[in-house]
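S.K.: Now for the letters of each chain:
Protein chains: 2
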Amino acid sequence: MKYQYSSIIGDVVFDNQFHVVEQGHNLFKKYPNLQEPDEHHKVKIQMAMRDKKFFAAFVKDNIAQTKQDVKRSVIPDNHIVHAVNLLEELDTLINTIVKRLREWYELWNPEFSKSIQSHEKFCELIAIKKNEDLLKEINIDRKHSMGAEISPKDQDAILQLARRCRDLYTLRSSTQSYAESLLQENYPNLCTVAGSAIAGKLLGHAGTGRRLVMMPASTIQLLGAEKALFRHMRNKRSPPPKYGLLFQHPFVQSARKSEQGKHARALADKLSMAVKIDYFKGVYCGDRLKKELEEKFNK
Amino acid sequence: MKYQYSSIIGDVVFDNQFHVVEQGHNLFKKYPNLQEPDEHHKVKIQMAMRDKKFFAAFVKDNIAQTKQDVKRSVIPDNHIVHAVNLLEELDTLINTIVKRLREWYELWNPEFSKSIQSHEKFCELIAIKKNEDLLKEINIDRKHSMGAEISPKDQDAILQLARRCRDLYTLRSSTQSYAESLLQENYPNLCTVAGSAIAGKLLGHAGTGRRLVMMPASTIQLLGAEKALFRHMRNKRSPPPKYGLLFQHPFVQSARKSEQGKHARALADKLSMAVKIDYFKGVYCGDRLKKELEEKFNK
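So the sequence lines, in the order shown, correspond to chains P and D. For the first sequence, the numbering used here assigns the number 1 to the initial residue and increments by one for each residue that follows. For the second sequence, the numbering used here assigns the number 1001 to the initial residue and increments by one for each residue that follows.
Hints were generated in silico from the structure; no laboratory data involved. The structure displayed is predicted, hence computed values, not measured ones. Virtual Cβ for every residue (Gly too), placed ideally from N, Cα, C. Mixed in with the good hints there might be a few duds.
Unchecked claim - Distance ranges between label pairs, derived from CB positions:
(1) D:SER1115 to P:LYS153: 30 to 40 Å
(2) D:ASP1156 to P:GLN68: 19 to 29 Å
(3) D:ASP1091 to P:SER151: 19 to 29 Å
(4) D:ASP1156 to P:SER115: 35 to 45 Å
(5) D:GLU1292 to P:SER115: 51 to 61 Å
(6) D:ASP1156 to P:ARG288: 32 to 42 Å
(7) D:ALA1056 to P:ARG142: 21 to 31 Å
(8) D:ARG1237 to P:PHE230: 26 to 36 Å
(9) P:SER115 to D:LYS1053: 32 to 42 Å
Claimed, not checked - Some chain P residues near chain D, calculated using beta-carbon distances under 10 Å:
(10) SER73
(11) ASN85
(12) GLU89
Please put together the full structure from these sequences, using the hints given.
M.R.: And the structure:
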């Protein structure tokens, strides 16, 4: 294929067959001798673009080109954000249906349900063990239990729900470790300074790493406190928020109440540096950033 | 054991050992010769109740008695209401996480996701089949797909979510058939007139069958329209609601707009009869009720 007429208009490259080959900047790598079209060629290209007989091919090639762009546009950030948002959704979902499960199960065996605090353990135990064994474990005789005698059909319906709850807990933990491993891989500095849970939430809030990088530290400080911020902006009597998501960070949590705003500001500052280093593939220096942050307030 | 001093005070039965034996009305069945205490016995019982040394035993027996009452208080209605409410919750949950699944999966294979409308079928197919096979089914070459190449780890996270969604759909359908079978068993007339979906919702709204029986037909007509009703009561300018849950019934749906209120009123009337017949274990006459209802508006 000859490229003597090749030229670049925006990102789209034509040769004299009016054929889209590849994105412009990639083409330069492939054909280092490629030059900008001179006046003569530019006129030729413009004439070609006016000719309706090329339109169908142009549209077709443009669509193919766009499809490739879409294909290439998927980055790890997309997966991280989906996983992190899924986690939040799962928490709500699991809470709703575990509450239902508890209430329902307590018709049958209230003593066992009361004896166990953790929802997750509760689901697992009732999903695998028999009711009699569970009662034995808490030393209660079936005769003295307040639980009703319910038919096997009812028992089955309850246990099926319990098994699904257990599965959802499994899904939650596997999604969490998946999200954490992705974060560690792509945002090691951010993870070290923020902790993977908060790092995930920050990314989820910003949408992509790119957007998070673009944000000034003061925006990062208030991510998740949008409601309070806009309330303050509408009505100056409500105080401005000091922190959003960062409030959950142990560094802010452990500070005295009057110092928490200051701590959040310093933390947001370091986070903003960390995410920039990660995004532009800098060297790992998360530990140093974290240490600096701690030292600043320890003297 | 002798019962010469046995007597009944309210529901609690004492013999001369001041011992709670059983609920009064059950005791009469067991001991048909049991009589109301005469004046002499009543005084004796009152004296006994003043004596503090019996208090501990009285409290203990009372608790045991109450536990038995709690045990016996579980009725099929409880299961129906739990199952029906669970169904509604599951619908919300499934919608949330299927939406997430679709969005996430579309990074990988957008063409297949677009080709299939039903969420349930979508989850099932991607959970069991390989991605390449799915693409083949809709005649798309992997090379021309807009889907990105994603790592096995990402694929695994997505597919795990898909499998959980599929399980939730299974849970939904099994809970639905469980609720329907319970309803058919306990409220056959109500089910015939209202359809099992609406019958379940009415019960779920009322809490128990007993409460639904206590309601006048006009309350049944407006179940589920509480918000509109109270808005009307606060502010007479907003119109009174004509129907709540009953709006979903085909009998109301098929009526002309101007007749829907009338239809809902007639339907609520019949439902109120049907649920009373069911609750007091009357004979089955659901078909007759339904026929009467239809004939009323067909002439």
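S.K.: Please go over all the hints and tell whether each is borne out by the structure.
M.R.: Here's how the hints hold up against the structure:
Separated by about 39 Å at the C-beta atoms, SER1115 (chain D) and LYS153 (chain P) satisfy the suggested range of 30 to 40 Å. At about 26 Å, the beta-carbon gap between ASP1156 (chain D) and GLN68 (chain P) stays in the expected band of 19 to 29 Å. As the Cβ distance of ASP1091 (chain D) to SER151 (chain P) is approximately 26 Å, the hint placing it in 19 to 29 Å holds. Roughly 36 Å separates the CB atoms of ASP1156 (chain D) and SER115 (chain P), a value that falls within the hinted 35 to 45 Å.
The beta-carbon spacing between GLU1292 (chain D) and SER115 (chain P), approximately 53 Å, falls within the hinted interval of 51 to 61 Å. Between ASP1156 (chain D) and ARG288 (chain P) the CB atoms are about 34 Å apart, so this pair conforms to the stated range of 32 to 42 Å. Range check, ALA1056 (chain D) to ARG142 (chain P): Cβ separation about 26 Å, and the 21 to 31 Å hint holds. Taking the beta carbon of each, ARG1237 (chain D) and PHE230 (chain P) are about 33 Å apart, inside 26 to 36 Å as hinted.
A hinted range of 32 to 42 Å holds for the C-beta pair SER115 (chain P) and LYS1053 (chain D), which are about 33 Å apart. Taking 10 Å as the C-beta cut-off, the interface hint given for SER73 (chain P) holds, the closest approach to chain D being about 8 Å. The beta carbon of ASN85 (chain P) comes within 7 Å of a beta carbon in chain D, closer than 10 Å, and the hint placing it at the interface holds. Interface restraint check for GLU89 (chain P): the shortest CB-CB distance to chain D comes to about 5 Å, inside 10 Å, so the restraint holds.
Violated hints are absent here; each numbered hint is respected by the structure.
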